[in-house]
Each structure stands twice: as C-alpha cells, then as structure tokens.
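Participant: Dock chain to chain to rebuild the complex, using the hints, since each chain is given by itself in its own frame.
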Amino acid sequence: MSIEVDITKRIKDFSLRVQFSGDHMRMGLLGASGCGKSMTLKCIAGVERPDKGRIVLDDQVLFDSEKKINLPPQQRKIGYLFQNYALFPTMTVEQNLACVLSGKKAEKEQRVREQIVQYQLQGLEKHLPGELSGGQQQRVALARMMLAQPKMIMLDEPFSAMDGYLKDTLQRELLVWLADFPGEVVMVSHSRDEIYKFCPVLTVIQEGHSIYSGKTKEVFENPVYREVAKLTGCKNIAEVQRMDAHTVFVKDWNMQLHFTREIEEHVRYVGVRAHRLLAGGGDCPNQSEMTITGYVDTPFEHQYLLQKQGAEGQIWWLVAKNIEKDSRPIGAQEIFGFPESDLMLLQE
Amino acid sequence: MEDVMTFLEGLDWSPLLISLKTGVVATIFSFFLGIWAARRVVKAGPRMKAVVDGILTLPMVLPPTVAGFFLLLLFSTKRPFGAFLYDSFGIKAVQTWFGCILAATVIAFPLMYRNARAAFEQVDVNLIYAGRTLGLSETKIFWKVVMPAAGPGVVSGTILTFARAMGEYGATSMLAGNIPGKTGTISQRIAMVIQNGDYGTAGFWVVVIMLIAFVIIFIMNLVSGKKMKQVHRW
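Protein sequence lines, in the order shown, are assigned to chains U and B.
Letter by letter, the first sequence follows residues 1 to 348 of my numbering.
Letter by letter, the second sequence follows residues 1 to 234 of my numbering.
No lab work stands behind these hints: they were computed from the structure.
Cβ atoms here follow ideal geometry from the backbone N, Cα and C, with glycine treated the same way.
Hints are not guaranteed to be accurate.
As the list claims (entries may be wrong) - Below are the EDC-like pairs computed for lysine to aspartate or glutamate, each with C-alpha atoms no more than 20 Å apart in a straight line:
| id | chain 1 | residue 1 | chain 2 | residue 2 |
| --- | --- | --- | --- | --- |
| 1 | B | Lys144 | U | Glu94 |
| 2 | U | Lys52 | U | Asp13 |
| 3 | U | Lys77 | B | Glu138 |
Claimed, not checked - Residues of chain B placed beyond 10 Å of chain U at every Cβ, according to the derived structure:
| id | residue |
| --- | --- |
| 4 | Arg39 |
| 5 | Val66 |
| 6 | Thr77 |
| 7 | Phe81 |
| 8 | Phe89 |
| 9 | Ala191 |
| 10 | Val206 |
| 11 | Ile216 |
| 12 | Leu222 |
What the hints assert, rightly or not - Pair by pair, the computed Cβ-Cβ distance ranges are:
| id | chain 1 | residue 1 | chain 2 | residue 2 | range |
| --- | --- | --- | --- | --- | --- |
| 13 | U | Pro72 | B | Asn221 | 36 to 46 Å |
| 14 | B | Thr139 | U | Val296 | 55 to 65 Å |
| 15 | B | Val125 | U | Gln256 | 50 to 60 Å |
Next up, chain B with everything else stripped away, as it sits in the complex (with noise of 0.2 Å):
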C-alpha cells in the first residue's frame, strides 16, 4: 500500500491534463470543421464529392508518421509558411502544444467528417425540401432540422474523435514531439518509459487511458440514448 502512495506521490501528472487538454481541443476543431465540411460536400456533385471526399479521409487513412511529415514540411519554421506564421503572428507548431492540437486535429478530423457526413445523408431529404418550400433560410433548417435529425450520428461522430485525438501518438511525436509537462501526452509517456523498462508507470497510464475511453463513451451513449427516443431495441 506504501509503495502505490509512494508511486503516485511521485509520479509526474502532467502527461493526463496535456492529453484531456489536447483532446477536448482537438475535438472541438475537429467537431466544427468536420460538420462544416460535411456540409459542403453533401451539396456538392458526385465528382467533386469523390476527390474531396478523398482528400479529406486520407489522414485516416496514412500512418500518422506521414501526416506528421507533411505538418513538419508545412509548419517548420524553417519553411515559408511556418516561418511567415512564426514571424508575423508569433505562431509556433514545432515543439510546442499548439503542435500536439494540431496533429490531433489532422488525424481526428477525418472520424469526425465522415460520421457527420454519413448521418447527414441518412437525413430524410424531403424534411430540407420542406423547410425550403416552407420559407426557413438555409441556416435554420441545417441547425434546427437536419442537425437533430442527424444527432445520433454526430454523437457517435464526437466521440470516436475524442477519443482519437486524445490517443494520437505518431504526428504529435513529430510535430510536437515529447516535452515533459509541455507536449508530453499520456500515449507518449508510455512509450518512453517502456523504453526505459518502466513497466510499471506504462501500465499505470494504460490503465489510466483506458478508464477515461470508457467512462466518456459510456456517458455520451447515456446522453444520445436518452434523446433518441424512438430508437428500438432488436
């Protein structure tokens, strides 16, 4: 019992508030961006849907070492866009958190866009037809019509998001990389105390990860189930 106190007393909590931080930051880009790109490309024609579709997926798609690659070619401030943001707004992705948001944003974006899109095409287009004819503007039907009609969705959407961002390891080792207490998330953590044979603290953040995983996909189910009253059981 006096070494669990010991081992938590000791133990370095920064790793946990950077990855909710990031998490929560990253979904809420991820969330509007997502929805808005949905959006667009739900309106679009089919040729233009496939090459945006396309584009926007691939994140999901790649080893998250490429998108990194590519964040690291872009926001270096070596790089002219990197160093015109450094130089002109003060912005810096590499090395700082701003850089952990970021790679999360790019890799969770896609779980966002492509949740919100499929529930979006699941609406019923005869409701939009209707809010037209009836005379609501283009933005009332999509947040008061479609956007409930396709909250289930958008629900799960969020969640898978969160709960990728919060986990992202690969692009926020290259970008941001692993500053304890600055860029250091819990994915990161654990790699590099396994690489000291910490088995111990990798496991204690395990443990940790995961409880956080269950406890925000139990209560976002609590929530979208409750609001979804017509959904029936098989």
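Here chain U stands alone, though its shape is the one from the complex (with noise of 0.2 Å):
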C-alpha cells in the first residue's frame, strides 16, 4: 500500500507543485485555507487533471502525463469525503447507499442493511441528507465512500463545519472507523490539531507548493522553515543576525541569544512557542526583562504580551489558567527565560 503524488498544475495565476508519498500510514496535508489542499485532492481523485506528472497508487499508475495516462476516477478506488460530504441531497440514506452499489436487489439491500448496522444509521433509513445533522451527514457519507471498496481513502476537512463539542467526539469516532482501514489515508486540514491527531506524517502546502514533507511530531518539534513554524502555530517568529556560530542577535526584540548547538549559515528566523517562556527566568543562559504590554482573557488561557525595552516587536506568552489562576496587571516586569531546547532555527 503506497501513494506517489508528483503534479503541477496552473489555475489561472495559481499553480500548484505538490511532491509527496505516503506508504501505508495516515498522511496529513497541512496548509493555509486556499493554499491548493482541496485542488491536490481532487486531482488524486481524477476529477481534476493535473498539467504534469504522475500519480502512483499500489504499483497502479493513475496519471502520468507522459505516459498519457489519465484514468477515470471511477476506476480509480479512491474514496473522497468531501468537506461537506456531498451526500445525494434527494435520496434518503438507504439510497444514498444504495446507488454505489450493483447487481441483485435483494443482494444490494442486504448490504446496505449490514452498511447501516455497522455505521450506526439504524432509524435514519429513510431520511433525506438535509434532515440529519453533520455527524449523522459523517458517517452516513464514510459509510456510502466505505460501500464502493476503495483501496485509499482521501478527507476533505472533515470537521471544518462542526462546532467544538461536537468535534471532539466526532474525531474519535472517525479514528476507530479509520482504524480497520487497510489502505492509505490522506486527510487535509487548515487545523494542526486535526492533522497532528489524526497523521503521523504530514506534507505543509504553502501557496500551492509543497514545502516540507516528514513525521508529523517531528515536524512540530523542529519545523525548519519560517511557513511551517507559522503553520504549526508557532506565534512568536522574528528575523536574526547571526554573529558568530552559537550566537544570535534578534533585532525585533533587542536580544541577543547564545545556542550550545552550532547555527547553521542559512538561519534566518527564530522561533519560540508562546507557551514555552519561563516566568522567572529558572536557570535559562537566555533571559531578559520585559514588560507586560497587552493581555487577552480566553477560558481557560491568560495571553499576554510582552516587550523588552528598546525593542520593536512584542513577544505573545500563554500560559494556562490552572497553573496561573490570576492574571498579571498591564505594565508589571518580570524576568522570562528562552529554554534553548524550545528555540527554533528556521530557514527561509
């Protein structure tokens, strides 16, 4: 079971250059909404046509553009769950089901007797699409994806539309049905979280490109390049000078920060996760006096952010309610401490 995607397309002013493979794990596609995830998804499917390249599934080429290959989708066994499922809106469930399937009547309604019990439809049979609610639409549309046998199965941010409870639930579920899928499974998400429960790998898409490929933790410990700390949800990025091999110096906020581990040459950026300062300072070598310059209440995080003196820019710092459980006032200064292990080097 392997997936090799190679394809670039041109939409307009848009092109798309997405490079990745995926060999018998969840692979995650993280980018910015409209960065060409739903586009690299449609053109595995082969309901879009890529200008060039190839597409392998399983040793199967579905697209090669030099080969002239370009394989229908309905021969390609790829399940697509579409972001909003796209489930037949004037057929009820039991035909929803139903439709995928052919040969003997009697046949196609045990199996979608069987499809219903497995996926928890029971008493929905005979309900249209727009009368169940999103979770119900879920499973109902893995449910018709799961009837047609396909040999990878591609999500389509599957919980874009859902609120937060809902989610959480729903996301459980959709790993214990993923669970006993034997095939591929591509899923793509604006959402780090989403992709960091759900992928043990991921590829970042930024503008259409693919930028960085590798093993999903890894990637959020290390990201390597400014797009992806950014996409991983790193909040504080900022420009540095590199003065010599252990050295830093970050003009937007006035600081200079030593590294035991060398700095490479083609360093630009440094990065730290707001959670990770240390009030107080601990036994950090990188520390400094700022000052509270701003703050945000949230339920259950106090965000603040901090400024050094002389320094441009401002340094977000969350820290959580239950290990803080009142906030500090606008203008206190206090000592913060940079954790070498929680820096991170990042390229262009």
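Facilitator: This is the structure:
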C-alpha cells in the first residue's frame, strides 16, 4: 500500500506543485485556506486533471502525463470524503448507500442493511440528508464511501463545519472507523490540531507548493522553515542576525540569544512557542526582563504580550489558567527565560 | 342562454385540439433536446459555451417571423434540403401539422434549454465529483443525481416551454400556415376571426387559452411543490 504524487497544475495566477509519497500511514496535508490542498485531492481522485506529473497508487499508475495515462475517477478506487459530504440531496440515506452498489436487488439490500448497522444509522434509513445532523451526514458519507471498496481514502477538512463539542466526539469516532481500514488515508486540514491527532506523517503546503514533509511530531518539534513553524502554530517568529556559530541577535526583540548547538549559516529566523517562555527565567542562560504590554483573557488561558526595553516587536506568552489563576497586571515587569530546547532555528 | 348554446354548437373546435397536440409534442421534443444541449454546454469550455449558448438562444430573442423565414428557407420543398426530405422520406413541413410542431419547437426550445442549463449550473459540482469517485457511470450520475437535484428548474422550464409552444404564432403562420382543421392553432384562429371583426369567437378562444395556461401552471406548481420538501417560505 503506497501512494506517490508528483503533480503540477496552473489555474489562472495560481500554480500548484505538490510532491509527496505515503506508505501505509495516515498522511496529513497541512496548509492555510486556499493553498491548494483540496485541488491536490481532486487531482488524485481524478476529478481534476493535473497539467503534468505522475500519480501512482500501489504500483498502479493513475496518472502519467508523459505516458498519457489518465484513469477516469470511476476506475481509481479512491474514496473521497467531501468537505460538505456531498450526499445526494434527493435520495434517502438508504438510496444514497444503495446507488453505489450494483447487482441483484436482494444482495444490494442486504449490503445496505449491514452497512447501516455497522455505521449506526438505524432509524435514519428513510431520512433525506437535509434532515440529518452534521455528524450523521458524515457517517452516511463514510458508509457510502466504504461501500465502493476504495483502496485509499481522502478526507477533505472533515471537521471544518462542526462546533467544538461535537468535533471532539466525531474525531474519536472517525479514528475508530479508520483504524480498520487497510489502505492509505490522506487527510487535508488547515487545523494543526486535527493533523496532529490523525496523521503520523504530514506534508506542508504553502501557496500551492509542498514545502516540507516528515513525521508529524518531528515537524512540530523542529519545523525547519518559517512557514512551517507558522502553520504549526508558533506565535513568536523573528528575523535574526547571525553573530557567530553560537550567537544570534534578534533585532525585533532587541535580544542576543546564545546556543550551545551550532547555528547553521542559512538560519534566518528564530521561533519560540508562546507556551514555552519561562516566567522568572529559571536557570536559562538566555533571559531578559520584559514588560507586559497587553493582555487577552480566554476561557482556559491568559494571553500576554511582552516587550523588552528598546525592542520594536512584542512576544506572545500564553499560560494556562490552572497554572496561574490570576492574571498579571499590564505594566508589570518580569524576567523571562528562553530555554534553548524550545528555540527553533528556521530558514526561509 | 340559447345564444350561447348555438354559438358553441356552431363552433369549430379543431384549433383547441391542434394547439394542445402541437404544444405537447413540441414540449416533448424541446424537453429532451433542451436537456441534451444544456448538458453539453455546461460541460463545455468557456469560449465554446459563449458561442453555442448564443446560437441556441437566438430563436428566443429574434422575432418569430425571422425564425419562420429561416425555417421556410430550409424546409421549402423548392429548396435542396426540403426537397430531399420530401423525395426521400415523404416528410413535408410547409403547410402541414409537422410544420406546426417544428415551428413551435424551434421557438420554445431556448426556454427549455436556458432553464435546464441554469438548473444544472446550480447543482453542487461536488455531487457529481462524489458520484464519480464512488464509481457511478456518467449516465447514472446525470439521471439519478443531477436531474433530481435540478428538478424545480427543469419543471419550470417545461411549463414555460409548453406555454410558449402552445401559443406560438409568428413562425407557425409562416411555415405551417393557417389551414383550418390541419394547422389552424388557437392563436392563428384568434388573429383570423379578429380580421373578420368576430370579437365574440376571438374572445372565446382568448378565454380558453388563458384557462389552459393557468390550469397547467397550477398543476405543475403543485407537483413540483410536493416533491421539494426543503423549499422554505420567505
């Protein structure tokens, strides 16, 4: 079970250039809205045609511009869970499932009944999709997709239309359904949390280009590129001047940072996650006194903006409310430490 | 009262039958042709779309007499194509009921085509994509997914097509003429009796055609309203 994608496509001013391969893993495509993630899925599914490139699934060439191979979507055996689920609105749940099947009527009915039980859709057989909740629609779409016996499945922002509480439950559910699936799974999302939960490996797409692939946990630990750091949710990123092999100057923060590891020549930015700043400084060699210049109250977190004397930029600092119950006043001064293991050295 | 009875007894009812027959047959032709053309145009590229759409819509925009002129040019038995049809298949459009149907179809077709096209374009393209990734054939996707989803638009297109086909006058009078009992439709009969100053008969046919139009629209609305449960009131 493997998928190999290397495609380019021009759409007006936008150019898509995506390259990744997956091997029996759940793979995530992470990128901002409109970066070409959905278009990539559509090209793999065969409902859009890339200009150039190659798509291979399990040794079967689905698309090859040089050899002029372009299998129609019907023959690709790729399940596609659409963002809006794309249930056929004029068919009942039962009919939505049955229309995928061919063969004798009695056999079809039997298969549909089994699927309805397996995906816990009992009682909804005669309902139209418009009468179902978001979660139920997703289950119908999933059940329908599985009836077509795909070799690989793709999920396009499966939770973007759901509210928080429902989302967590459904994410659990989907993980359970997918656990049994033997083939490749590709999930597209703009949410780093979703990708982190679902996908052991990921590819980051920025403005139509796949810029980085790797194991999800490693990418979050060490994003390497500025854009990747941003997409993984790093709030503090600033440009650096490399002083020597172990020191950089951050102009925006008016701060020198020392590293025991060697700083490579092509490092242009430094990033630090807002949760990782150490109030009080701890025993960090890199520490500096800063003033609280802003505060945002959220349900479970205090969010502060910090600024060092003489610095132009501000630094986000987030602290959970169960660690610090009361918020600190604006104007308060405090020493903050920047642990080296949490400082990410980034390239353009 | 007796006057009314004698009026009705003396009336030639053939225009009613001819108009209804013409309307129904022309609607059936336009329905399938219009849907076929709409489906092709929706799939076509933007430039092709603009050109073909323009040609297909022309009969709606031009005066019906212009369409009549072209139809005569094409189907007159003195012209090559018309002569060929007549000699080889015995098909004659000029001064025949077939001419009525032809003229009504040409004039009413754009209404069917345009409404069907607008309805198809409203259908969420992801439904079609989903059908394809699920392995459904293009034909199955069209008739089972697209057509039902486009239902209301197609139904209203059919209503308008029927109304237009039944009331067609200009092109019909040029191609099929007004032969009582053969090609004499209600609208042609109205024009004819008015010329003779017979406002009574004209008024009668006006009322008939209004009633038919109203009843059909009413029934069609009822049918399409029942199927579309999700339609909300403002």
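Participant: Tell me, which hint numbers fail for this structure?
Facilitator: When the structure is compared with the hints, none of them turns out to be violated.
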